[in-house]
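Engineer: Sequences are here, hints too, so could you generate the full structure?
What follows is each chain in one-letter form.
Number of protein chains: 2
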Amino acid sequence: MLPTELATRTGDYSLRRAVAADVATIVALLAADQLGATRDSANDLAPYDTAFRAIDTDPAQQLLVATDADGAVVATMQLTVIPGLARRGALRMQIEAVRVHESHRSTGLGAAMMRWAVDDARLRGCALVQLTSDKTRTDAHRFYERLGFTPSHEGFKLLL
Amino acid sequence: MLPTELATRTGDYSLRRAVAADVATIVALLAADQLGATRDSANDLAPYDTAFRAIDTDPAQQLLVATDADGAVVATMQLTVIPGLARRGALRMQIEAVRVHESHRSTGLGAAMMRWAVDDARLRGCALVQLTSDKTRTDAHRFYERLGFTPSHEGFKLLL
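These protein sequences, in sequence, are chains A and B.
Each residue of the first sequence is one higher than the one before, counting from 7 in my numbering.
Each residue of the second sequence is one higher than the one before, counting from 7 in my numbering.
Keep in mind the hints are simulated off the structure, nothing from the lab.
A few of these clues could be false.
Pairs involving identical chains hold if they fit within one copy or between any two copies, as the list cannot separate such chains.
[Claimed, not checked] In silico EDC-like pairs for lysine to aspartate or glutamate, Cα to Cα no more than 20 angstroms straight-line:
1) K163 x D39
2) K141 x E151
3) K163 x D126
4) K141 x E11
Structural biologist: Laid out in structure tokens, this is it:
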């Protein structure tokens with residue numbers, strides 16, 4: 007259930023659903039990322055606001071933000087539940103767009119968010135949690151493996 | 007638009023949306039797969055029928071089947087459109103559960119299905135098409151690379 011507290015070794019954070027007023031801050035988190043820097047910018051928020059409404063009104067989507075003790079948004083992730091026939095008609099949860107502000111990394115926040123996502127997947131009856139991570143993000147790969155994820159798949163992308 | 011013809015070098019196939027009566031055949035395609043053999047079976051279709059209804063009523067999902075000249079279902083794939091904030095609020099299309107019956111492989115059918123999926127992603131305004139493939143499926147990886155996909159990501163899974 008959200009909102010919820012995420013206790014870490016360096017302090018307490020809260021996790022909640024994103025609201026429209028969070029969009030600019032989430033975009034700044036995406037743009038601050040090394041790989042996102044050329045793709046995203048908060049200069050023109052209109053396309054992001056439109057996308058936010060599409061996410062927010064889709065019951066399969068959860069766009070979440072973590073806030074610090076001052077209520078500032080310092081991290082984000084998006085969870086999508088996808089139905090399928092494989093694995094006896096299993097639901098799967100997909101995690102996308104995980105970003106933690108650089109001043110809040112190595113605090114345990116990212117791990118606490120991922121553990122919450124996995125617990126939420128269990129509550130929703132998912133049989134599987136999946137995500138892809140750019141091959142250059144080797145620190146992130148160790149992070150996901152420590153959380154129990156297996157790098158069993160090749161992740162293919164085609165830009166249109 | 008569906009249904010549509012998929013002309014290949016060995017014959018003509020049709021692509022259409024799956025209907026409830028296709029579920030057993032789709033499950034048989036999943037179970038015939040080397041990796042799916044331990045996970046899926048058409049002995050008890052009830053969980054698959056439930057999953058089919060969830061897929062079929064979700065406007066973000068397209069479960070498709072290809073049929074041969076006799077109308078037999080010989081291949082399947084599932085397309086999911088996922089909204090997101092990244093890349094200026096881009097939609098992405100995800101392809102899951104691509105299976106072609108072994109007697110219809112190397113006919114160009116799989117490539118024709120993937121090209122249709124990519125065209126459909128463009129029509130829907132997606133900025134990206136993505137999929138993951140088990141690392142043991144090296145033939146499939148060459149197939150996706152020939153179609154223009156880049157193996158840029160590590161694909162992580164966590165079974166619950």
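Engineer: Does each hint fit the structure? Answer for all of them.
Structural biologist: Each hint tested on the structure:
Only within a single protomer do K163 and D39 lie at most 20 angstroms apart by alpha-carbon distance; the minimum there is 19 angstroms, versus 23 angstroms between protomers. When the C-alpha separation of K141 and E151 is checked against a cutoff of 20 angstroms, the pair qualifies both within a copy, at 14 angstroms, and between copies, at 16 angstroms. Taking identical chains as interchangeable, the C-alpha atoms of K163 and D126 lie at most 20 angstroms apart only when they sit on different chains, with a minimum of 16 angstroms there against 27 angstroms within one chain. For the homomeric pair K141 and E11, neither the shortest alpha-carbon distance inside one copy (32 angstroms) nor that between copies (37 angstroms) is at most 20 angstroms.
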